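Top line first, the protein sequences correspond to chains A and B. Quick note: the first sequence, position 494, residue 494 per full-length UniProt numbering, numbers continuous. Quick note: the second sequence, position 403, residue 403 per full-length UniProt numbering, numbers continuous.
One should not assume that every hint holds.
Derived SDA-like pairs (lysine to any residue); straight-line CA-CA distance at most 20 Å [stated by the list, open to error]: (1) K328(A) x N145(B); (2) K328(A) x A43(B); (3) K635(A) x R58(B); (4) K352(B) x E83(B); (5) K472(A) x E510(B); (6) K580(A) x V496(B); (7) K328(A) x E510(B); (8) K74(B) x L659(A).
Simulated from the structure, these hints should not be mistaken for lab results. No experiment lies behind these values; they were computed from the predicted model shown.
There are 2 protein chains.
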Amino acid sequence: MEGVDYLAEERKKAEFDVESMKVVWAGSQHALEVSDRISKLVANDPAFRKDDRTMLSRKELFKNTLRKAVYAWKRIVELRLSEEEASRLRFYVDEPAFTDLHWGMFVPAIKGQGTDEQQQKWLPLAYKMQIIGCYAQTELGHGSNVQGLETTATFDPRTDEFVIHSPTLTSSKWWPGGLGKVSTHAVVYARLITDGKDHGVHGFIVQLRSLEDHTPLPGITVGDIGMKFGNGAYNTMDNGLLRFDHVRIPRNQMLMRVSQVTREGKYKQSNVPRQLVYGTMVYVRQTIVVDASSALSKAVCIATRYSAVRRQFGSQNGGPETQVIDYKTQQSRLFPLLASAYAFRFVGEWLKWLYTDVTQRLQANDFSTLPEAHACTAGLKSLTTSATADGIEECRKLCGGHGYLCSSGLPELFAVYVPACTYEGDNIVLLLQVARFLMKTVSQLGTGKQPVGTIAYMGRIEHLMQCRCNVKQAEDWLNCDQVMEAFEARAARMSVSCARNLSKYANPEEGFAELSADLVEAAVAHCQLIVVSKFIDKLQQDIPGEGVKRQLEVLCGIYYLYLLHKHQGDFLATSYLNPKQAALANDQLRALYSQVRPNAIALVDAFNYTDHFLGSILGRYDGNVYPKLYEAAWKDPLNETVVPDGYNEYMRPLLKQQLHSARL
Amino acid sequence: MEGVDYLAEERKKAEFDVESMKVVWAGSQHALEVSDRISKLVANDPAFRKDDRTMLSRKELFKNTLRKAVYAWKRIVELRLSEEEASRLRFYVDEPAFTDLHWGMFVPAIKGQGTDEQQQKWLPLAYKMQIIGCYAQTELGHGSNVQGLETTATFDPRTDEFVIHSPTLTSSKWWPGGLGKVSTHAVVYARLITDGKDHGVHGFIVQLRSLEDHTPLPGITVGDIGMKFGNGAYNTMDNGLLRFDHVRIPRNQMLMRVSQVTREGKYKQSNVPRQLVYGTMVYVRQTIVVDASSALSKAVCIATRYSAVRRQFGSQNGGPETQVIDYKTQQSRLFPLLASAYAFRFVGEWLKWLYTDVTQRLQANDFSTLPEAHACTAGLKSLTTSATADGIEECRKLCGGHGYLCSSGLPELFAVYVPACTYEGDNIVLLLQVARFLMKTVSQLGTGKQPVGTIAYMGRIEHLMQCRCNVKQAEDWLNCDQVMEAFEARAARMSVSCARNLSKYANPEEGFAELSADLVEAAVAHCQLIVVSKFIDKLQQDIPGEGVKRQLEVLCGIYYLYLLHKHQGDFLATSYLNPKQAALANDQLRALYSQVRPNAIALVDAFNYTDHFLGSILGRYDGNVYPKLYEAAWKDPLNETVVPDGYNEYMRPLLKQQLHSARL
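Using the sequences and the hints given, assemble the complete structure.
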């Protein structure tokens, strides 16, 4: 029945003020107000409907995305939305589109790498969307290793132009979003060559298509790279390929803020510090961590609500079956993900502070915290995106068979999310960067150089190498100091152990390669420590709202005890814990599951997601799952006719045993 | 270039006879011959083309599958293929279709549960495909708990008929493959009610559609349940919904081999042992384990070949970059999956023996080994399908960005595989069944009842509770007796620990529920032990072919040391190992990676998969990846025109700043 809240009983169980928790999740009262208003604006506008997305063919899907993206822009202009509101609107439209790259990569690249003059020329065009740009970096044969790019930009002093060229097949630009069918311009990364000398990879603004009729300019081959994982998902986006056949651009279209080529073809560096690029990197990674918490929280919201709706087994005397959320096996898989969503939210919030801090220091020419900030953001990007991708798939499995239906929203959520594990740095490659930083830090211990920021704990290495866990009963695991010591000791010992093993190799690079799998594990331990410590820090703050802080304490406990149990091998192998203490942690974890259970629905309600944004029948706010699943099934194109297309050609001859005369 | 083998250098490195390994993988020379012949027959027939599958709309896709399935049947008849060959042909066509359910569920249900008379009536029709059947068990609100099904079959003694009815929305049949659009008949599971008494769930043969024009019969509502996860994948299948409005069928369409309803409406049990159903269950699960090894080996084959083709970083003096397969981080993720594929193959082979053994015992009315066989197959189904689903996704990630392209084959392989974690018993529910069996076994220790089969090790519980690992150097981990003791001690200790914790609860069921997450871990430990022991058993056999056995020893070592490292927490918590010994295991594991490296390509070649079956450009036998990726991209429907559909309606007004007049 419409209008009935099937989860009302669950909502009554909550032991905290949900509205206050919404503020905590959103980050501030202001952020909540904006998100709430914009998400409802999108949800109530039929033009943004998305429940048909997984049934559309590629061409229909792409055209529909063009329509939505342009319509969204029209609304943004009409409603005179602020930059913050516009960005929220695009977020709640929830459909990858060329605008993501235009606003998220093309504009920032010009702002970050262009001279003032270049910015004055190009940004007004981009801001009004009179040109649409993308970010053409990766190539068919070159992803992670930017220095291996093959596209060339050769300066021709006779004409004062660069000649952009794709010398090989593997140098074809490949993957850039918005490139395939939409972008009129691109920031193209290519090897700068002047006077026969290769100066490495630089960015160039290149026009790709006519602004009159959208046809590719001479010398340019451009197209879509084809279908990607999942229904709907990233197939709304025209990830593209691009080849240049000696395409000429004026010299002033090289992005020259950091390096320049003069009229004579001389290569020069400006006095703008190259480290500026790290500021952007911290910013981009911060948004990725926040996106991880959004994606994971969507999946958790769906799985939690459906786990309360769904009943299996346990019927007594013909009564209703047990809600699956009451099973410990379900709780032990679901609640750590709920806790992770909150944990990633708070670490994302902290990264916003870090970005401000780094930016201020860069402006004061203080580069001292950069290596730590770089390692920390690399590690957090890797940790949160991997956990989120796995977590979404786990949530899908937690919904049983129905999680496999597109109408559950989970298949598309997974497919659209997983690229985050690969883009902006492959997650394993990033962990190896963290590991390098850890090994360097260890090697500098005792030199008087004090580790700062998230690695400061290494300054207490002597204590951390020898301390032993003091836990005597399960509740001792609620002591945050105890927990911090445990995670610090584990991370420090794993790093030191790797450093010792490395020192056995004559060639350090060879050792690093040989031990890289262990180094990755040490990096993970370090990154988990950061997330745990930022969650614990959050709890030190004043958090208003009845019962809100208490719920966050429970979630924090679940987060770190879940990690402790999952990685108990690390804690035991480094001899910080004994098996008895590990078992007590597990007992405490189980006790916390019982505490979170009555609050579970309210804790996902606090995300404040509309049914439109969730895009899941299983995750409906009102819990009215089964009638809506039934209704949705009939909308499949296959149900347009009772007897399917193909019956007369293929099935009838089979059933009538007339196959010999059938044309197959 | 066509015809060039870009992996030739890799193939030359192999230290074993690949042809002999092909026999090992296939199971026998005969099996290899059949697989080789039939897979090539499919690959060379353009009618079975599948590289366009992910680009088709739902209706096109479904119609195309109808065509292929019927064409496959035509070829089977024309070529007079044997049952084995026909089944292989359907396997290599590699597209879920109604025929899977017709042959795999409908026919076996009638054979297993029908009387001789019923078999004589229905099987000839089914064998000739004059009727097409499916298996209608699960309902919208009822999956795992078969006893909770709501559909009723009420006997009407006046007319000698059953009245099949769907009393609620949640009783709608939901998910059965082949039901939505194709099947003319179904085996329907419904609660049998005679004279007001509910006799529980039984099977009934029900005609759904007219054999004349395929329209649903009166009282029957049938349709497709809509889009499922992934492009192509299971969307080729018409998983269906079905509702009955008092549909009448003759009494003789209840499957009456085990229970009967007489003309007078009396409910009777025959003397056919109910345990017979377990024989079928062992058979079905055995095929699922073999399928797991097939799916995982496909993913591993793709990821291994592409890891040899792909180069990233490490270029020295402008030379080529390093093949990614040479990175230890890549090896430590890829090679355990390669080893797992072989491990699952051998445990699947052993399950074939178990099925024969169980069948023979059942025929002799010996039910003594059934509980053990039931627990063992439940656990192996769960273990192998979970590891395979995760493993496919890991292989996809191991291919970097390009693994996200449908042309890599991996997205579809994942999407089509994951349901195996849910169907035929949810994987967690199955592990809890294993745990129940383990707890029962522990409780019976000392009663004189000797544990048999895969649980026999529990008979040595005293030794296993107190023994300590003898490993002193890394190579000691190559000693299979040592390894068996380690895995047995871990499994036994985890079970005993659970049993002790359970005994603290006054109500055992409550304790089982509370500790279920721990019980699942104990069950996993037991199941991993089974897989390890069957791999080690395999190595005791005579295995011909130069170097073949040696390679299998290396893979076996990788399999168990990978598990040992991944679960070192279990081994350390149960105090069988000390941290030093765990570290030595890791050292040995790393050494084995180096040994398998030169043989990696040959080890995946031994699967003998055609490029058609693999369906992956990244996994091409000849390694000619990049030109073929480039070629494939142009086939996307979006590339049919240079300027995309929607440019004039949406983009041009945007670029020309004429949005105000645009119709969006």
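field: Pair hint outcome, K635(A) versus R58(B) [Cα-Cα no greater than 20 Å]
entry: At roughly 12 Å apart (the allowed maximum being 20 Å), R58(B) and K635(A) satisfy the hint.
message: Given the hinted pair K472(A) and E510(B), is their Cα-Cα distance within 20 Å?
response: Violated, at about 26 Å.
message: K352(B) and E83(B) were given as a pair; does the straight-line alpha-carbon distance stay at or below 20 Å?
response: Holds, because 17 Å separates the two Cα atoms, which is no more than 20 Å.
query: Regarding the pair K328(A) and E510(B), is the alpha-carbon distance no greater than 20 Å?
result: 11 Å, holds
- prompt: Within a Cα-Cα threshold of 20 Å, do K580(A) and V496(B) meet the stated pairing?
  reply: 15 Å, holds
query: Regarding the pair K328(A) and A43(B), is the alpha-carbon distance no greater than 20 Å?
result: Violated. K328(A) to A43(B) sits at ~48 Å, over the 20 Å cutoff.
- prompt: Taken at face value, is the distance from the CA of L659(A) to the CA of K74(B) at most 20 Å?
  reply: Given that 20 Å is the threshold and the Cα spacing comes to 7 Å, the pair holds.
- prompt: Does the alpha-carbon distance linking K328(A) and N145(B) stay inside the 20 Å limit?
  reply: 17 Å, holds
Hint compliance for this structure: hints 2 and 5 are broken, all remaining hints hold.
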